[in-house]
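Take a look at the letters that make up each chain.
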Amino acid sequence: MAITRRELFTKVAKAGVPAAVAITVGGEALHAESIPVPNAAVGLLYDASICIGCKACVGACAEANDTAPDTRRDELHQAPSDLNDLTRNIIKLYKPEDGSAFSYVKRQCMHCLDPACAAGCPFQALHKDAESGIVTWTADKCIGCRYCTITCPYHVPRFQWQGYNPRVTKCELCHHRLEKGQKPGCTSVCPTGAVIFGPRTVLLSEAKKRIKNNPGRYYQSRVYGETDNGGTQCLYLSRVPFEKLGLPELGPESVPARTLRWQRRLYQYFVLPAVLYVSLVQVIRKSLKGHEQEAHEREKETGLRAQL
Amino acid sequence: MSTATINNAPFNKTRWERAVPVYGFPVVNRFFLVLCGMTLLAFVLTAYRELAGLGPVSGMNDAYGWGIWKTFNVMVLTALGSGAFAVGIAAWVFRRKKLHALMRMALLTSFLAYACGLLLLGIDAGRPWNFYWIVFPWKWNMHSPLAEVAICMSIYAMIPLAVENIPPVLERLWYFDSRLRPGVERFERRLHSFFPWIIAAAYLLPGMHQSSLGALMLLAGERVHPLWQTPWLPLLYLGAATFMSFGCVAGTTMLCCLVWKRAMDMDVLDEAARITAWLIFGWLALRLLDILFRGVLGTAFHFDRFAGVFWLEIFLTAFGGWLLRRSVQTHETRSMFLGYILSSVGGMIYRFSPTTLAFRPNPESLYFPSMIEVLVALGFVCMGIAGFLLIVKRFGILPAPLQDWHDMASYFRFRRPYIRWTGYFKYGFFGENEPTDSD
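Going down the list, the sequences are from chains A and B. Sequential numbering of the first sequence, starting at 1, is according to the numbering used here. Sequential numbering of the second sequence, starting at 309, is according to the numbering used here.
Since the hints were made in silico from the structure, they are not lab data. A quick note: this is a predicted structure, and the numbers were derived from the prediction, not measured. Since no wrong hints were added, every one of them can be taken at face value.
Here are the simulated SDA-like cross-link-like pairs (lysine to any residue), alpha carbons at most 25 Å apart as the crow flies:
1. Lys569(B) with His639(B)
2. Lys141(A) with Gly430(B)
3. Lys286(A) with Phe502(B)
4. Lys289(A) with Gly491(B)
5. Lys180(A) with Leu86(A)
Work out the full structure: start from the sequences and follow the hints.
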């Protein structure tokens, strides 16, 4: 039986609809949804209960990254109030009004296993290294859309608001120092060992050892970042609730996996949009034919050139 | 072959069946000059922004990384400019044939809204020179909603939407000089041969990026107030865009008819209002059911700004929808126009909220657009309006009854014979089809 090209086309399109729906809905373990832990994942372990708030790491960070000290507050001291375009790392103090236990907290990029900033970054300027898992920023790919400042649940990437050539500032775990065999700036100066650098697995077992050796010392006896937000490479131990330190309770599922599940499925392999497109063409082709015919009939009646 | 003329054609005094340029009004008037002045000011301020950076010109800060350039000019105004998508789908896919009369208005408003939005998107970007990555698909982050929006929106505005807007230009050339006619006709035939592919792309792409605009805020998670943060955000954004764009297209057409004293075709307007009312009620049902099933309805009764914004938005859309529904029954253009305005404003508030009004950064902080930011945003809106006024007066965009075309032809022939360039008088008056030697 001979079939025309158009019939073949239509049949393929019709068969494609269930196939596309099946691929979109049925695919259980989609590539984009699984969160692999990088082989050589490195990170930081910060124990807020040991930190004395000396801010040596803040100065060391600026020095290691070759940024000018942020003295904008009083034109004298390096005393930024929060992470900003010159500050990748900061020590903050949580001190409740009622006089209960206070705590310092070191804030820097968490290097999430499934980073929301990189998930949203349009041209992969923020990119998670497949080996070390460090999330880095590449100036040549960044369009300055500031979506990372919206998406990061820890509010870490900061945009430079001044100047014609703005940059995005975030901790990149001193990857330029790691290449030379040095430790990150902050860990190399910490006098009490409140922040230490190492492979994520080692840090995690160290943190668990501390919890085991000091029962009741740590909040909920757990490590923040083991599973939070799908797991992070920078881990936290604290006496006070993590939320008070600016580490929100996000649940074990990462933000991109939780929120973009259907977005990702609908665009998986671009199957569904393609099928939709072909079926739209079929419908519109028919409408256009009818519309043109009517217009030309009216053209004959009125003597005026048809407007389509 | 007998030459049919107007005399034996079925004739209806109000039926919109021909797009007729607005004639007899000068393009340059006081209002137009004000618009041009605002646009010029916006360009000057833009130059300053490119040199000084975003901080000095805007109220954006670390907590609110996005200001009104993105949240209003792109998120809200492209929703108003989705007419080519929503009206087009109703006309071409669901075959609501009456709506074909509004298509040129829809295409033009969409193109202007998208063009102005995209320009401002480029100005809002901190490092716009890196946009060149857009031509390397393997560098795209395929799962990023923002990449989807940026890429899809630029492709849509530059290819399908621009191509769909070509016919009025070709028509203008056809009437302009009879020597151009063979070429124009050849080009038109070629255009029509792949028109279905263009039109289909013009429905697929906005469907994708208007929903992705909603998906943008999914990644912001808890920081968007629970009344707005929902997995259905993409669909709700798309739904809001459909009824807002109907409001924009039909409302603008009604306003133009009022200003330039054109007849209103109540068949077409009723059809549009009926569809808009259904879209609004469907959208409201989805919005409220979603809130109900997520169990956050309680937060709507807290006494805070979020609840206020929420109820304002719900009231405006619902009241607008009710007015539209009533106007279909009573044929009252006043309540129809008001219904379009109110429902569109309600939709605008909805589209604006997740990024700004219902956004709760941690730590709590405030954003209010600076004067320069507002002037630039307004300037780009003014540019769109100025472009619209220019184009409707030079091209056949606004729908009108058949008689208006003949009135225009006689106007140019007898009242303004010295305006040679319109070309409209050469054709259509008492069926003069063929160019003569004297042309």
